[in-house]
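2 protein chains.
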Amino acid sequence: MAHIKLNNEQLPGIVGLLNYRPETARPLLDLAETLLRGPSTLTSGEREIIAASVSYWNQCHFCHTSHAAAAAAHLQSGINLIDDIKAGLPNTPVSDKLRVLLHIAHQVQRNGKNVTADDIAAAREEGATDAEIHDTVLIAAAFCMFNRYVDGLGTWAPEPNEAYLEMGERMAHVGYGKY
Amino acid sequence: MAHIKLNNEQLPGIVGLLNYRPETARPLLDLAETLLRGPSTLTSGEREIIAASVSYWNQCHFCHTSHAAAAAAHLQSGINLIDDIKAGLPNTPVSDKLRVLLHIAHQVQRNGKNVTADDIAAAREEGATDAEIHDTVLIAAAFCMFNRYVDGLGTWAPEPNEAYLEMGERMAHVGYGKY
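Line by line, the protein sequences give chains A and B. Residues in the first sequence are numbered from 1 upward in steps of one, following UniProt numbering. Residues in the second sequence are numbered from 1 upward in steps of one, following UniProt numbering.
Intra- or inter-copy, both count: the list cannot distinguish identical chains.
Derived lysine to any residue pairs resembling SDA-like cross-links, with alpha carbons at most 20 Å apart: (1) 5 - 21; (2) 113 - 1; (3) 113 - 156; (4) 113 - 154; (5) 113 - 130; (6) 113 - 57; (7) 97 - 134; (8) 113 - 2; (9) 86 - 162; (10) 97 - 40; (11) 113 - 9; (12) 97 - 128.
To be clear, the hints were calculated from the coordinates, so they are not data collected in a lab.
Take the sequences, apply the hints, and build the full model.
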């Protein structure tokens, strides 16, 4: 049961929280919409993989599985992507640029100060632009917030990957502005 | 020097980042304004102390010092509050409720899952409401984002506490909507 009264079984994970406090839900959803579905030279699939990876590193089951399902919906890759993200994407063809950006995201997840000049140089070598580096850092940072919000209030979430497929389709194709 | 081109010496800490990407600046500032200055039964001074404490635990000098200066401006407590927050507020009269909420914020800073039912029960014993617990968790989570954003992009920030006093006054009394 969540730490505060949320009607969380009907509204799992962050959904009950967004419903509980609409004043903070608005900027949180606007941020997610801009970062994950707004104009960018990174595809939405790539950005959802970054979001899902950070959530997995923070052990947030709801955020990892829902955003991995959104990535699968964008990439039409099937449900196996959800577990492949946990393993570091051994079975998913992704660009070398995304792999170095995922390394930067992992550094940010631990602490912002962990990002080194060498990490940035490696990203530039793979063609990453300032805007892509900026957005990678902010996506990673934002999911360090969303993950703590969801878990810090003890919200409930369904266990099996299959329970997230419809949610992932909605996140990918309807977006974050329509809650 | 910051990891991306920001004109950061003129626009220290997060300011250069907000200026660099206005599309994400808007929801980030709206979130800060609502959480730190919007209607709440926690005072803005108390909420800025939570924000500054989390930032100190994350070792983010810019966010800690600027939000501690904002707390000092709200509480008219003088510059010593900035260092007193680092030490756990031994010389600042704060309520027992704020002390247990700061403990919850510290748990969230490490990982959302660290918040226990006992932590929540201790907060309720000091009179904390659902809304106060919610906002404490979200403020702590949000500063885990802001801190990683500011440090993950390697932004520059002035060192001495004195350099933040005017900024703190502006954050407290003008707010976060006017950048």
